[in-house]
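Modelling step: build the complete structure from the supplied sequences, incorporating the hints.
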Amino acid sequence: MSDSGHKIIRISDWWRGLDHWLLGAFLILLIGGAVLSFAASPPVAERIGLQPFHFVERHIFFLIPSAMVMFATSLLTPRGVRRAAFIMLGGAMVLMILALFFGTEIKGARRWIDFGPINIQPSEFLKPSFVVVCAFLFAENGRRSEIPGNLCALVLLLISVALLVAQPDLGQTLLVAATWGGLFFMAGMPWLWIAVLGAIGLTGAFFAYEVFDHVASRIDRFLTGEGDTFQTDTAHQAILNGGWFGQGPGEGTVKRLLPDSHTDFAFAVVAEEFGIITCIALSLVFAFIVMRGLSVALAQRDPFVRLSISGLVFVFGLQSIINMAVNLQLMPAKGMTLPFISYGGSSMIAISISAGFVLALTRRRPENRSYTDRLLERTALVHGT
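Under my numbering, read the sequence shown as residues 1 to 385, first letter to last.
To be clear, the hints were calculated from the coordinates, so they are not data collected in a lab.
Remember, predicted model here, so these are calculated numbers, not experimental data.
Here a beta-carbon is modelled for each residue, glycine too, at the ideal position from N, C-alpha and C.
A hint or two may mislead.
[Stated by the list, open to error] Cβ-Cβ distance ranges computed for the label pairs, FRET-style:
| # | residue 1 | residue 2 | range |
| --- | --- | --- | --- |
| 1 | Leu330 | Phe288 | 13 to 23 Å |
| 2 | Trp193 | Arg143 | 13 to 23 Å |
| 3 | Phe86 | Phe115 | 18 to 28 Å |
| 4 | Ala178 | Phe101 | 46 to 56 Å |
Here it is as structure tokens:
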């Protein structure tokens, strides 16, 4: 639709304006995740007493709505993206509050709400909406000095962090805070703010280490190698066992040992069965999305669009890096999924929304063309060429 909300976009116009490279990369990950779920999920399902293809079927079940959501959100205008983000952010925060009181407790954390057979993790939907809303606030602060956009963005960060810490979900807290800092930096943050926020971040990390036993335990295990490091050690060994070309589909052992092989450690399953070559190719797809998104963002004249694209691909790339780094024993375990590859309905649909937002904001529109291009087109129409 147009910014007025009354004009319907033609599919042909949508297709011509779409960034086909980004669309192709997102579809590779979306379809690749479904294919790879056949390798990682069945042993986990059998181990907990479910049908062998329980997680595979659910992964494919969420594949269709994810593709539909990506398509629907890619049709939006920048104003439509902004409106959708505000609505989704409000809904995610309300559900996160409800989860603290009525949510399902898993491993000591209340991050999920059950709606019949569907289990929703609201914090997954917080991330894309948080990025877009903060991008709008930073852009408005630069556009109109009377609007305290930076202050509002800071308040929004504090509220989001408080909700995430209350669950607790320190991994998502780190991701959201780092993305906010990246957006603030791209919006022209003064060096004094960089120093202040850096000090606050270090203080927060120390506070988390002192207050949350599971955080201290993970960091201590990572630094010393002592304690229960079974999952990370096994995942790392699986990557080494896979070699360059892997042991072959279905021949891996890590998925039979790790309880989280279909979620947090799906990357290790890919490495063991399909080899380091496949992992490198997968990493290059993630890197391409980030680099392509940033390069397109730099060409945007609208600060809101530029910051939104940059923030969305930043959080996408950072989440991917964290997941792969944990599998490679380069970071303490975080409990973070690999976008589109790991099992998780909320994660898949939320990332599809992010991808749709990116496609919508990078889509070429007539109003984004230069004056010279429009003049040449009108001249061609007048002369009938």
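Verification of the hints:
no., hint, verdict
1, Leu330 x Phe288: 13 to 23 Å, "holds (21 Å)"
2, Trp193 x Arg143: 13 to 23 Å, "holds (19 Å)"
3, Phe86 x Phe115: 18 to 28 Å, "holds (22 Å)"
4, Ala178 x Phe101: 46 to 56 Å, "violated (28 Å)"
Violated hints amount to a single one, hint 4; each of the other numbered hints is respected by the structure.
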